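**Student:** Given chain A, work out where chain B should sit, using these hints.
2 protein chains.
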Amino acid sequence: MLPRTRAVFRERVSMSQPLRVALAGLGTVGAGVVKLIDENRALIERRAGRPIEIVAVSARDRSRDRGVDLSRFAWVDDATTLAASGDVDVVVELVGGSDGPALTLARDTLGAGKPFVTANKAMIAHHGLELAELAEQKGVALKYEAAVAGGIPVIKGLREGAAANVISHVFGILNGTCNYILTEMEEKGSDFAEVLAEAQRLGYAEADPSFDIDGIDAAHKLSILSSLAFGTAVDFDSIEVTGIRHIIAADIAEAAALGFRVRLVGHGEESAKGLFQRVHPCLVPLSHPLAHVSGSLNAVVAHGNFVGRLFFQGRGAGEGPTASAVVADLIDIARGETGPAFAMPVAALAKPATAPAGDRRGRAYLRFTVADRPGVLAEITAAMRDAGVSIESLIQRGVADDGNVLIAMVTHVGPERAVADALDRLAGSQSLAGTPMLMHILDE
Amino acid sequence: MLPRTRAVFRERVSMSQPLRVALAGLGTVGAGVVKLIDENRALIERRAGRPIEIVAVSARDRSRDRGVDLSRFAWVDDATTLAASGDVDVVVELVGGSDGPALTLARDTLGAGKPFVTANKAMIAHHGLELAELAEQKGVALKYEAAVAGGIPVIKGLREGAAANVISHVFGILNGTCNYILTEMEEKGSDFAEVLAEAQRLGYAEADPSFDIDGIDAAHKLSILSSLAFGTAVDFDSIEVTGIRHIIAADIAEAAALGFRVRLVGHGEESAKGLFQRVHPCLVPLSHPLAHVSGSLNAVVAHGNFVGRLFFQGRGAGEGPTASAVVADLIDIARGETGPAFAMPVAALAKPATAPAGDRRGRAYLRFTVADRPGVLAEITAAMRDAGVSIESLIQRGVADDGNVLIAMVTHVGPERAVADALDRLAGSQSLAGTPMLMHILDE
Numbered sequence: 001m002l003p004r005t006r007a008v009f010r011e012r013v014s015m016s017q018p019l020r021v022a023l024a025g026l027g028t029v030g031a032g033v034v035k036l037i038d039e040n041r042a043l044i045e046r047r048a049g050r051p052i053e054i055v056a057v058s059a060r061d062r063s064r065d066r067g068v069d070l071s072r073f074a075w076v077d078d079a080t081t082l083a084a085s086g087d088v089d090v091v092v093e094l095v096g097g098s099d100g101p102a103l104t105l106a107r108d109t110l111g112a113g114k115p116f117v118t119a120n121k122a123m124i125a126h127h128g129l130e131l132a133e134l135a136e137q138k139g140v141a142l143k144y145e146a147a148v149a150g151g152i153p154v155i156k157g158l159r160e161g162a163a164a165n166v167i168s169h170v171f172g173i174l175n176g177t178c179n180y181i182l183t184e185m186e187e188k189g190s191d192f193a194e195v196l197a198e199a200q201r202l203g204y205a206e207a208d209p210s211f212d213i214d215g216i217d218a219a220h221k222l223s224i225l226s227s228l229a230f231g232t233a234v235d236f237d238s239i240e241v242t243g244i245r246h247i248i249a250a251d252i253a254e255a256a257a258l259g260f261r262v263r264l265v266g267h268g269e270e271s272a273k274g275l276f277q278r279v280h281p282c283l284v285p286l287s288h289p290l291a292h293v294s295g296s297l298n299a300v301v302a303h304g305n306f307v308g309r310l311f312f313q314g315r316g317a318g319e320g321p322t323a324s325a326v327v328a329d330l331i332d333i334a335r336g337e338t339g340p341a342f343a344m345p346v347a348a349l350a351k352p353a354t355a356p357a358g359d360r361r362g363r364a365y366l367r368f369t370v371a372d373r374p375g376v377l378a379e380i381t382a383a384m385r386d387a388g389v390s391i392e393s394l395i396q397r398g399v400a401d402d403g404n405v406l407i408a409m410v411t412h413v414g415p416e417r418a419v420a421d422a423l424d425r426l427a428g429s430q431s432l433a434g435t436p437m438l439m440h441i442l443d444e
Numbered sequence: 001m002l003p004r005t006r007a008v009f010r011e012r013v014s015m016s017q018p019l020r021v022a023l024a025g026l027g028t029v030g031a032g033v034v035k036l037i038d039e040n041r042a043l044i045e046r047r048a049g050r051p052i053e054i055v056a057v058s059a060r061d062r063s064r065d066r067g068v069d070l071s072r073f074a075w076v077d078d079a080t081t082l083a084a085s086g087d088v089d090v091v092v093e094l095v096g097g098s099d100g101p102a103l104t105l106a107r108d109t110l111g112a113g114k115p116f117v118t119a120n121k122a123m124i125a126h127h128g129l130e131l132a133e134l135a136e137q138k139g140v141a142l143k144y145e146a147a148v149a150g151g152i153p154v155i156k157g158l159r160e161g162a163a164a165n166v167i168s169h170v171f172g173i174l175n176g177t178c179n180y181i182l183t184e185m186e187e188k189g190s191d192f193a194e195v196l197a198e199a200q201r202l203g204y205a206e207a208d209p210s211f212d213i214d215g216i217d218a219a220h221k222l223s224i225l226s227s228l229a230f231g232t233a234v235d236f237d238s239i240e241v242t243g244i245r246h247i248i249a250a251d252i253a254e255a256a257a258l259g260f261r262v263r264l265v266g267h268g269e270e271s272a273k274g275l276f277q278r279v280h281p282c283l284v285p286l287s288h289p290l291a292h293v294s295g296s297l298n299a300v301v302a303h304g305n306f307v308g309r310l311f312f313q314g315r316g317a318g319e320g321p322t323a324s325a326v327v328a329d330l331i332d333i334a335r336g337e338t339g340p341a342f343a344m345p346v347a348a349l350a351k352p353a354t355a356p357a358g359d360r361r362g363r364a365y366l367r368f369t370v371a372d373r374p375g376v377l378a379e380i381t382a383a384m385r386d387a388g389v390s391i392e393s394l395i396q397r398g399v400a401d402d403g404n405v406l407i408a409m410v411t412h413v414g415p416e417r418a419v420a421d422a423l424d425r426l427a428g429s430q431s432l433a434g435t436p437m438l439m440h441i442l443d444e
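Each protein sequence line maps, in turn, to chains A and B.
Read in order, the letters of the first sequence correspond to residues 1 to 444 in the UniProt record's numbering.
Read in order, the letters of the second sequence correspond to residues 1 to 444 in the UniProt record's numbering.
Next comes chain A alone, as it looks inside the complex (with noise of 0.2 Å):
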């Protein structure tokens, strides 16, 4: 029950003492904590009520220069022993990883009746039932605005300001690499790899880019979304994902041409059917509020049934705004204005079954590269009608360096399965040069 929660952790930490802090990872968000609670602490204070004040940290490498001075703080080699310090009020775990040390942090730092704070969304995302359920039987915090969207109050957006609505819907713009680099390519022209490339070079990109561009950080951040929004359990491993690798250049001028941006979307949806939960790349209309989210700005929008559409923007990475919503949940934690993790206590989160994408309606972009020959055309047009796809525009390109052309087109709306057939019966051709790219068009 919530009032025992609460009124647990308000016996144990006095409201007039200090928060006391111990901040675990000591990478770009940690120095950003740290440099945020050193240069706001007047005004978090009198917002707070009481001084918010870091007593310790732990990071692997205790002689790198992190532009902050940490002589203050106590050091300690081993994060997962904060957890038991008796200095110690509440634990931020900045470390990252959804198993391991993080983990053992989260387990701990609970078990031991202390309210945690993480960014963590891949650990929110696979274990963020387990640590919900031990914050509450401790009657601690388990906080992590900063795990979706840096630096926007979205997970306080749907969890307190949006409480009163059904949400049938949410939308998010929650990949800055992935964004970043899909409006490169619409203002440059670059293809994929050339972006990606450039990316990594300034530092926008990891070595490794995986977890960002196949759609998995985004999938992790609306398998959260998605529970706050619906009152669900928090469910990763039915996210239907696709990321952006296979985007070319052509696709992009393509959806331009129509009137659309490529944006990689995260959408959760509840409906009578269940819950659908998708990260893949859409064509999004110049006149939705998500067209015109550019660069690495993070957004979300949210479909209340009293509130209407909720769109939420602003920066979703970075030193300085996730160290604000790291800091925003401290805040909150120090005015004792904290509840279940997932809005509601574990128990009470629904478990709806997943909803068919095959069932699912709307428009559709399809891009072909095909051999320039004879009926080629008519191949794929013929595929499309037998498998009752109704095209609405279609262009074809002429022939590339590579001596294929380009067939794109946009379906009327229509059953996803019929697209998926038309695709079926269209494998192994040998007109295709390479594999069809399809997009959904994102109409609501």
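In case anyone wonders, no lab produced these hints; they're calculated from the structure.
These numbers come from a predicted model, not from an experiment.
Since the list can't tell identical chains apart, any single copy or any two copies may satisfy a pair.
Simulated pairs of lysine-lysine, DSSO-like, Cα-Cα distance not exceeding 30 Å:
#	residue 1	residue 2
1	K35	K351
2	K35	K273
3	K351	K273
4	K138	K351
**Tutor:** Structure of chain B alone, referenced to chain A:
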């Protein structure tokens, strides 16, 4: 002190019992609150941790059909008696008006040690500090999410979501009627009076629209946003307010030709010079998110020193969105997640000086309607030169039906006092047919 506040409330209301709500005012929003609580009852109970039940209502006209069954609730003719009722845990005020019965009810409810929820921006703008102090003394919540930007959780976004940041600027499109009128003028090329008449016919504007179109309503909301953003006392009286009634179709067309849209913007800023607050129609570049806020939507932008630019958009008025915000406040109260009304105790709010507008630097749009005769352009440009205003672009349009000519210009960045000086130099000139139009350009 925050802790005492909350502790007292927690002792009084058992957290496992329903939260018993009295509703004063059964207009559009009041009826919406009844509908929302009926329709989303089960979900609200899961999220709030206990049922939220309306137990008593009050309105002027008992017989009016409001599309909801009110026979279940106790009817009270005099709303102010709700405060004293032993069956009521919290009072929701949707009566309106900055003084009168709404204020009496607020004082009586808080004075009786009960939490108070309101959508009344005028009352919070004028009496918010007094009420917040009373709430602190009595240890109960004063909540007003619905008072600003309707369904957008922007009070929460600033009070909690961005709480870790020193916020330098806040900008808002805060009046849906004005934004609807400006968007219609933009899309149809119509003049102000024509669109206003149509908006009144459709019920989008009041019979007496001055509160909206002269910027007073937006100023009420801005004073509240500024307080939360900057940690300053609500200061309505120092707001410079200009409405939209002097904007003509040509202003919007010239702005569009230059790459801008015209929006009524509430702008708050805090710096070493003090607090600056202004409501005025601005030219917003298409690259700014506020340029894409169309129709009756509202939006708020805040700049924090760590989070960067946050952007919130949604429906700012009407039955559903406003009810959504009112019930979000009730859920916070049911959860016990409440604290000081303006994010910190009233005694902690700063009272900075008012920053003088003349010191501000920026670009400006100026439009003159002038007689069609030689020398007029020379007279205007000479005044600009003499005042030290440098012109970035200028256009003169041919003769209108009334024989007048339109001159529109955009200045280079410069002090506002120079533009004011130029206009002073031209005041009373026989060449001018009507007062010149000045709009600032939102380059931030």
